[in-house]
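J.: Hints are included, so try docking the two chains, each in its own frame, into the full complex.
Which chain is which? The protein sequence lines are A and B, in order. Residue 187 in our numbering is what sits at position 187 of the first sequence, and the numbering runs on without skipping anything. Residue 147 in our numbering is what sits at position 147 of the second sequence, and the numbering runs on without skipping anything.
I should point out that these hints are in silico values taken from the structure, not numbers from a laboratory. Be aware that a few hints might be false.
As the list claims (entries may be wrong) - Quick list of in silico lysine-lysine cross-link-like pairs, BS3-like style, CA-CA up to 27 Å: (1) A:K186 - A:K16; (2) A:K2 - B:K289; (3) A:K2 - B:K286; (4) B:K97 - B:K116.
Unchecked claim - Over 10 Å on every C-beta distance to chain B, these chain A residues come out as not near it, computed from the model: (5) N76; (6) A85; (7) G184; (8) P208.
Stated by the list, open to error - Here chain A is said to cover these stretches of chain B; the calculated rule only asks that three of the stretch's residues, wherever they fall, bring their Cβ under 8 Å from a Cβ of chain A: (9) 33-45; (10) 103-110.
Note that the Cβ used here is the ideal one computed from N, Cα and C, for glycine as well.
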Amino acid sequence: MKQIIAKVISNTRILKELERRRALKRPQPRDVLGSYLLWLDCPELTPKAKPGQFVMVRCGGKTILPRPFSIHQVNNKGNIALFFAVWEDGKGTNWLSQRHIGSKVELFGPLGVDFSIRSDSRNLLLVAGGIGIAPLYFLAQEAVKKTRSVTLLLGAATASQIYPKNLLPSRIKTVITTEDGSAGKKGRVIDLVPEFIDRADQVFACGPIPMYREMYLQRRKFLKNKPTQVSLETVMGCGRGVCYGCTIKTKKGLQEICRDGPIFDLDDIM
Amino acid sequence: MNFSVELAPKHPCGLLLANPVMTAAGTFGYGTEIEDEHLFDIQKLGAVVCKGTTLEPKKGNLQPRLVETASGLLNSIGLQNIGVAALIREKAPIWVKWRVPVIVNIAGETLSDYAKLAMRLDGVAGISGLEVNISCPNIKAGGAEFGANPDSAAAVTRAVRKATSLPILVKLAPNTSDISRVAVAVAEAGADAISLINTLRGMAIDIHRRRSVLGNITGGLSGPAIKPVALSMVYQVAGVVDIPVVGCGGITTAQDAIEFIMAGASAVQVGTASFANPSVFLDILKGIKQFMQKEGIKDVSEFIGVVSG
Numbered sequence: 001m002k003q004i005i006a007k008v009i010s011n012t013r014i015l016k017e018l019e020r021r022r023a024l025k026r027p028q029p030r031d032v033l034g035s036y037l038l039w040l041d042c043p044e045l046t047p048k049a050k051p052g053q054f055v056m057v058r059c060g061g062k063t064i065l066p067r068p069f070s071i072h073q074v075n076n077k078g079n080i081a082l083f084f085a086v087w088e089d090g091k092g093t094n095w096l097s098q099r100h101i102g103s104k105v106e107l108f109g110p111l112g113v114d115f116s117i118r119s120d121s122r123n124l125l126l127v128a129g130g131i132g133i134a135p136l137y138f139l140a141q142e143a144v145k146k147t148r149s150v151t152l153l154l155g156a157a158t159a160s161q162i163y164p165k166n167l168l169p170s171r172i173k174t175v176i177t178t179e180d181g182s183a184g185k186k187g188r189v190i191d192l193v194p195e196f197i198d199r200a201d202q203v204f205a206c207g208p209i210p211m212y213r214e215m216y217l218q219r220r221k222f223l224k225n226k227p228t229q230v231s232l233e234t235v236m237g238c239g240r241g242v243c244y245g246c247t248i249k250t251k252k253g254l255q256e257i258c259r260d261g262p263i264f265d266l267d268d269i270m
Numbered sequence: 001m002n003f004s005v006e007l008a009p010k011h012p013c014g015l016l017l018a019n020p021v022m023t024a025a026g027t028f029g030y031g032t033e034i035e036d037e038h039l040f041d042i043q044k045l046g047a048v049v050c051k052g053t054t055l056e057p058k059k060g061n062l063q064p065r066l067v068e069t070a071s072g073l074l075n076s077i078g079l080q081n082i083g084v085a086a087l088i089r090e091k092a093p094i095w096v097k098w099r100v101p102v103i104v105n106i107a108g109e110t111l112s113d114y115a116k117l118a119m120r121l122d123g124v125a126g127i128s129g130l131e132v133n134i135s136c137p138n139i140k141a142g143g144a145e146f147g148a149n150p151d152s153a154a155a156v157t158r159a160v161r162k163a164t165s166l167p168i169l170v171k172l173a174p175n176t177s178d179i180s181r182v183a184v185a186v187a188e189a190g191a192d193a194i195s196l197i198n199t200l201r202g203m204a205i206d207i208h209r210r211r212s213v214l215g216n217i218t219g220g221l222s223g224p225a226i227k228p229v230a231l232s233m234v235y236q237v238a239g240v241v242d243i244p245v246v247g248c249g250g251i252t253t254a255q256d257a258i259e260f261i262m263a264g265a266s267a268v269q270v271g272t273a274s275f276a277n278p279s280v281f282l283d284i285l286k287g288i289k290q291f292m293q294k295e296g297i298k299d300v301s302e303f304i305g306v307v308s309g
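Just chain B, with the same shape it has in the complex (with noise of 0.2 Å):
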């Protein structure tokens, strides 16, 4: 059986993983706490996406900064983050020693800044790709701003694709009116490829204090809560673009996952569920493969999209 999928076919290197179980952005930190841990094999990933790295390291945002909710997260970290000189200096020599792709994910305030980003992990060993991080909704400036409309996100993925030769996924907000447009903006801008979707805005209100749970007010919400959303706009995006989908949201077990590639995405990254399972992702993986096997699926792509019109 063939597990492997391409996530940037338009791109001189490609960007392929052994399978389609990604870590999601801001949930997996760096990668490296996990060597630590001796918990799983890393490597057994199809990719790791790390957190999303600003300019300068970032302190985040006030506590309280998690609150459940009914099936789902509400969170509001703010990109905490050491900032990408660290990220160059302490952690890419450590993935450079790994087989799995790593992809950074990077949020800026302006334009300029996605672009100085890009430029500075441009051709950085052990970095695989970047994902354009146009979608936090937790920061004041930027962020969830750009991918919010069409043009915007245009502009910063085309600012992203000048300035590096590393494959590029852009991360698209649900926070928006049409994720279509967007997400058609984004691949004529230069998108290898687009992950979605990011968290949605939410809130709690503490009754007692009269006041929001977050320190933040607002935060953004993930876990089981919003993968229908999710899905539809996997199904939705993957109709209209012509380059890979990632799925994102809500992914708890292998059925989430195949439900994701048969709307239309290739790989799937999973956050929320890998805090009460740390090891949930080659969970998810194992039941893929059982899934093939039952079937007489032969390779992953057999079934990418078998559900979009």
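Excised from the complex, chain A in its bound form (with noise of 0.2 Å):
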């Protein structure tokens, strides 16, 4: 683990989220002001980060807790991107998205266990729900560097909130779903799941626990016994296991999710 100052290489806003409240049609209690990608320079970072695993970020002088984020992607250059969505009040996440070019950064990591490939898995199934391609990204990344065959199943609320076609991942296949059937196939990410699933050696998912429940509840259906692993999100203290404010009950004991996870077998947590 290194604690390093890194310089911000770009910030953007890929996703303009304003219509987000609209195409959900549920009551939402706040905005999705954006998405941003974030490429921040930390060259002593980038040899040891894994998918799946994440930075604890200081997000300015009215935040009292860094914010953990996961890995989006490494580049060769030392360079690790991060994607987060900014609510109208997070307070971590609007500094972080006004942070201009060549401005620094406090952060540490790389923190958590990844996500673990098997050796005999030659077909890997990716369910991304919303910003949940945040850790994938890096998953599918590395997958195809090690020869396997990565499916992406993106889904969203609307056409808005899905990842740009021109940064996604080459080389894998990338299949788009949104509940109001603005881009891709109309319905909601897990619905696409069962046609893809025969063909899947693994599955990795992120996204709301919801949508882990459901899996779990219809494993027969979704999941048909393939071993699956979710990346867990929540708020945190320390991101080093050292203060307990993110302890869940597992199937294995107490855990807590920033050592013992934030990356779990579906099957422990549930």
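T.: Okay, structure coming up:
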């Protein structure tokens, strides 16, 4: 683990999400102002970073706790990318979205447990709900490097929330779905899973908890006993397993999301 | 320059710290976690205070356990810990190899819990002292109830004093009507030092869900929001007891630490600030050294309590 000050290389709003409230047709207490792709220069950190791991970022003077962000991408120039949604009342993400090129950001990591691709898994199915593409992008990149075949199911409420096509990882199959049908197939991302599950050796998912719950409750239909790993997100205190702020009950006993996760076997957390 | 401070001058063995910067209980795990991270040399700390430890392992409170507030952090961890037996078996053997003294924070629901904990830890190699937690606001029974009034605080202190030959610090709660009286009672009952303050009881509400944010409804407030409160309590207590005082509460910078020392603290504990900056302890230590250099101070003791009346 390294604690560093990283320079901002670029910080771009790649998704405008102002239409989200209308598309969801559900009462939303808060709006998402947009989603940002932030590239940081941190060569001290990249050699050890693995898909599924996260970094803790200090987000300015009005925050007390650092914020956890999945490592979204890593390149061979010593840079890492974070991909995050900015909620209108999100103090940390608002601050981070306003960092200009050349400014400095304090962070530490990489932290937590990574996704593990089994040696005998050839075909990987990645299921991303909304912002859930954040850790799966890095996983897709690494899996392709390891000559695995990757299918990414990418779902969101509406077209404006779908990760830009020209920025998607290359050499993988991507299937898009939106709840309002404004892009790709109409429906929820999870409803696409049964169509692809037979070919998959392993499933990796990142999305909201209700998505995991449904996958688990209907695992015969959705997962057909294929080993499934998911990424959990939560408020964290330390990110390093010392404060016990993010403890959850699992089938393996009490575990810290930050240290024992954020990647868990779906079976263990349900 | 001399940075060392003695936290138990009345104790036959004493509790000498190489410098006045300690970790705060519950924010640094067992200290063993940081060793794997290779982030900084833990031996450079004044002392490590480990997670509050109970007789039996404790699962802690329901989620959510943390919520950030203005300049502060509310927590309701609920003393999740591995229990004293596992601590002795798994952690103490690691601590034995350390130069930095380890102080075990102990918490109980009854007087006899405290006495039993003290007895179990007495003579365990790797443990340099005990911090008696009579101030945790997040557990149903015991904890802060003992710290709320002078008689029960003194009773716990006496029970622990009788059960161990280790130096003992007693950590006081701010949630009391007169902290000076509690401090005096604890000192008279045989405490070697007093640490203060633990978190202030607090609450936050999710207005959309119309319920408390924390699973345990209320929690303990820490961070810069409580620093002025903690500072005034340290000042107050240092003025009425003749044993060392350890300051704690929202310390984030060297300036904060120096303020506490000037108010009468012999050492400081840093907690919440280490979440955003895991190596904050060394930053604070460096800042204290620079201040002493600039001001021509040769020994930390020269400015302990200079503001005290």
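J.: Which earlier hints can't be squared with this structure?
T.: 10
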